[in-house]
Structure formats: structure tokens, C-alpha cells
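A.B. asks: 1378 is the number of the first residue of the sequence shown in the working numbering; add one for each residue after it.
No farther apart than 27 Å at their CA atoms in a straight line, the calculated lysine-lysine pairs in the DSSO-like style are these:
no., residue 1, residue 2
1, 1410, 1521
2, 1414, 1521
3, 1521, 1407
Please keep in mind that the hints were generated in silico from the structure rather than gathered at the bench. On a predicted model such as this, the values are computed, not experimentally measured, just so you know.
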Amino acid sequence: MLGLTAPQAYLALLVAVLPVCAWVAWSDLKTMKIPNKAVLALLAIYVVVGLLVIPLEFWAWRWVNFVAVLAIGFVLNAIANVGAGDAKFAAAAAPFFAQRIEHLQLILVLLAAFLLGAFAAHRLMRAIPAVRAATPDWVSWTRKDFPMGLALVGTFLAYLVFMAFPGALLAVQGAIGSTNM
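Take the sequences, apply the hints, and build the full model.
C.D. replies: Following this line, the structure appears as C-alpha cells:
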């Protein structure tokens, strides 16, 4: 381990996952699929970078997050029509999240906000002819379902940003008047 502070460790993870997250968001918008290679790349980043910046005991225990979210994702895929790629991406991102109840509360708030925001933004953008003309081959414009990878990526990146820059989370909490996020 490199002996970084928690914010430094989260910043390193954030920088490492940014290209994969961009790939996932673009792919889900364009094809309504999240490539397995992107999921494996995210897991590889956790294996290598995570092991360098997270204390070994915490790094190892966070694999429980992967197993739990993968199991939940499989169930949601079977009974709630959640995409398999979405479930796999969420599972691959899960080890990056700390196992603390206050972090779970933050994650759920972020996920709710990003689901609503991404859905509204996607529906608005697909209604704009210039946007559709600039991206005519994007499958998500014509499908009734929603590219949920966009919301998952937003949630994941926002969490990493808030952990890398704790002052940003405090500023958001102050702006919305919440002290128990």
C-alpha cells in the first residue's frame, strides 16, 4: 500500500476509473449494452489500483460488496428487467464503495438523484432534433427502456468525487440543509 490518505486514495481511484466510466456511458447510450470488457476493466482497476491505495484488510472485505451486488443484480435481472450489463457494472463498481452505513445512505441518495436526472436528461435530449441528428445511430433514442448505465456511472463518479473532496459533500449538505447524509 502507498500510505495515502483516504481522499488521496479515492482521487487515485477516480482518475483510474474515469475512462472506463466514459466508455460505459457512451456504449450504453449508443448500443444499450455495457461491454463485458468494460466490467472486467473496472474489476482490474480495483484489483491493481485498489490494492495499492486501500489497506489490505479493507480492500479484501470490499469484495463482499461485489458478491452481494452481483447476487442482487441477478435477481433484479430475472424479476425486474434490469439489464444484465447494468447488474454486472454495478457489481464491478461495488468494491470501490466503503462498507459504512452512512456511505450506503449517500449512495442511495445519489442513485435516486442520478436515476431521475439521467432519465429526464435522456428523454429531453432525444426530443431535440439536432441532438438526434448528431447521433443518428444511437439505439437508446428509439428504445422505450432507459440506458441505466448512465445513472450508475453518475452515481459511481459522484461518490468517488465526494470521497476525494470531502469539502464538496459538506457544501452540498449545507446547500440542501441536510445534516444526516
